[in-house]
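Peer 1: So the protein lines, in turn, are chains A and B.
Going by our numbering, the residue at position 9 of the first sequence is 9; the numbering climbs one at a time, nothing skipped.
Going by our numbering, the residue at position 202 of the second sequence is 202; the numbering climbs one at a time, nothing skipped.
By construction, these hints were calculated from the structure, which means they are not laboratory data.
Quick caveat, the model's predicted, so the values are computed rather than measured.
Glycine is no exception: its CB is placed at the ideal position from the N, C-alpha and C atoms.
Among the hints, erroneous ones may be present.
[Unchecked claim] Pair ranges (Cβ atoms, derived):
#1 Glu120(B) / Glu43(A): 19 to 29 angstroms
#2 Ala61(A) / Lys184(B): 45 to 55 angstroms
#3 Gly57(A) / Pro98(B): 34 to 44 angstroms
#4 His92(A) / Glu120(B): 29 to 39 angstroms
#5 Gly118(A) / Glu223(B): 21 to 31 angstroms
#6 Glu112(B) / Gly104(A): 44 to 54 angstroms
#7 Lys67(B) / Thr44(A): 21 to 31 angstroms
#8 Asn70(A) / Leu177(B): 49 to 59 angstroms
#9 Gln211(B) / Ala10(A): 17 to 27 angstroms
#10 Gln25(B) / Asp54(A): 44 to 54 angstroms
#11 Glu119(A) / Thr161(B): 28 to 38 angstroms
#12 Val218(B) / Ala61(A): 42 to 52 angstroms
[Unchecked claim] Counterexamples of contact, computed for chain A against chain B with all Cβ distances above 10 angstroms:
#13 His9
#14 Lys31
#15 Tyr34
#16 Glu43
#17 Thr44
#18 Lys46
#19 Asp48
#20 Ala51
#21 Tyr52
#22 Arg55
#23 Gly57
#24 Asn59
#25 Gln64
#26 Arg67
#27 Asn70
[What the hints assert, rightly or not] Examples of chain A residues lying across from chain B (beta carbon under 10 angstroms, computed):
#28 Gly14
#29 Thr16
#30 Gln22
#31 Ala23
#32 Tyr27
#33 Ala41
#34 Arg42
#35 Val71
#36 Gly79
#37 Lys86
#38 Ala100
#39 Gln101
#40 Gln102
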Amino acid sequence: MNLAEFDHHAPIDGTTIFDGTQAMKGYALNKMCYSFNAAEARETYKADPEAYYDRFGLNEAQKQACRDKNVLDLIAAGGNIYYLAKFAGIFHLDVQDVGAQQTGMTKDAFKEKLRKAGE
Amino acid sequence: MATIIGGLTSSHIPAVGNAIAKGLQDDPYWKPFFDGYPPIRDWLGDHKPDVAINIYNDHGLGFFLDKMPTFAIGAAHEYRNEDEGWGIPQLPPFPGDPKLSWHIIESMVAQEFDITSCQELAVDHGFTVPMQLFWPGAPNNPDMPRVVPISANTVQHPIPTLKRALDFGKALRRALLSYPEDIKVVILGTGGLSHQLDGTRAGFINKDFDQYCMEKIVTAPEELTKITRMELVEKAGAQGTEFLMWMMMRGALGDKVTPIHANYHIPISNTGAGTMMLECAA
Numbered sequence: 001m002n003l004a005e006f007d008h009h010a011p012i013d014g015t016t017i018f019d020g021t022q023a024m025k026g027y028a029l030n031k032m033c034y035s036f037n038a039a040e041a042r043e044t045y046k047a048d049p050e051a052y053y054d055r056f057g058l059n060e061a062q063k064q065a066c067r068d069k070n071v072l073d074l075i076a077a078g079g080n081i082y083y084l085a086k087f088a089g090i091f092h093l094d095v096q097d098v099g100a101q102q103t104g105m106t107k108d109a110f111k112e113k114l115r116k117a118g119e
Numbered sequence: 001m002a003t004i005i006g007g008l009t010s011s012h013i014p015a016v017g018n019a020i021a022k023g024l025q026d027d028p029y030w031k032p033f034f035d036g037y038p039p040i041r042d043w044l045g046d047h048k049p050d051v052a053i054n055i056y057n058d059h060g061l062g063f064f065l066d067k068m069p070t071f072a073i074g075a076a077h078e079y080r081n082e083d084e085g086w087g088i089p090q091l092p093p094f095p096g097d098p099k100l101s102w103h104i105i106e107s108m109v110a111q112e113f114d115i116t117s118c119q120e121l122a123v124d125h126g127f128t129v130p131m132q133l134f135w136p137g138a139p140n141n142p143d144m145p146r147v148v149p150i151s152a153n154t155v156q157h158p159i160p161t162l163k164r165a166l167d168f169g170k171a172l173r174r175a176l177l178s179y180p181e182d183i184k185v186v187i188l189g190t191g192g193l194s195h196q197l198d199g200t201r202a203g204f205i206n207k208d209f210d211q212y213c214m215e216k217i218v219t220a221p222e223e224l225t226k227i228t229r230m231e232l233v234e235k236a237g238a239q240g241t242e243f244l245m246w247m248m249m250r251g252a253l254g255d256k257v258t259p260i261h262a263n264y265h266i267p268i269s270n271t272g273a274g275t276m277m278l279e280c281a282a
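Just chain A, with the same shape it has in the complex (with noise of 0.2 angstroms):
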């Protein structure tokens, strides 16, 4: 069965709903990013993380994102964003660091951008 067939949702501006269709594109990617949980698998892929693409079986756009640590190509990979905080909690990256760079805007922006929404 193609779930692509069926499409269960309106389209919402800048979103991706994460449904049965990406989780199944992405759950290679996802699995690896839910081992990220445990101090010692952020240590094991850190030491290679090409083995650990490998492991975890992500295809070429998945570990190419990776690499790229490119929020938009993990999410179109199939990507969750809560599994995903855990591969960018390996760099640093915190939730403004993410936002920011997914749209485009330097960290200091996006945050004043956030600040502007309670006027």
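Given chain A, put chain B in place with the hints provided.
Peer 2: Relative to the frame of chain A, chain B by itself:
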């Protein structure tokens, strides 16, 4: 029988855990947020609940996509807070109440909520941060209640509808009211309010919608059930769907509640942060 004395809501942003660890409560960025909690702590000090039912959403610590329960109920003697991968300090285990957990589980399934029971459940910031805010030093606070964690899926669509969340809370209320022991219970609904971490819409916060939700959840929660899940994503942001936990909490409080305290502040991290204390009619 158990008495439900009230409901508490709180955002559960990880950065709050770090701010507590670093003692930043009086820092100008954090103060407007932390100032929302002392009135609720005073109320908790006066009422001293025996049990806190903490309705939260796991973020990839207790559950993975291999098996994703829509509703999961803890049934353990204690709940461990484990490493989430990005450096929030870990807390000692929280004491459970397995006897009450199994009563709730029996009752929920009898009411046709086919939940997942968890004899082991690692709890993440979604659970621990509100506990620290309401009971400073948690779990080593002298007034620390026993806990029953309940987690709902907001990681992967399809997520529950707002109506189902409210109905879950109503069933939870019936479960608690049929518990034979005289205990005082407080219900926590944690998460939200509006925020989006992923995509080119990252940083989306919707003050008007948050304030609408904070108003209606007191007076007319049924009205909120008209919001579809995709509308919730659109108006609250992709992770603002955590508002479902507030709906579950609200359902457990019964029809009439008295709002004792509320606070709302933007931004904390990437989020519109909402805090509420609703007291049940005696």
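Peer 1: Tell me, which hint numbers fail for this structure?
Peer 2: Result: hints 13, 14, 15 break, sorted rising.
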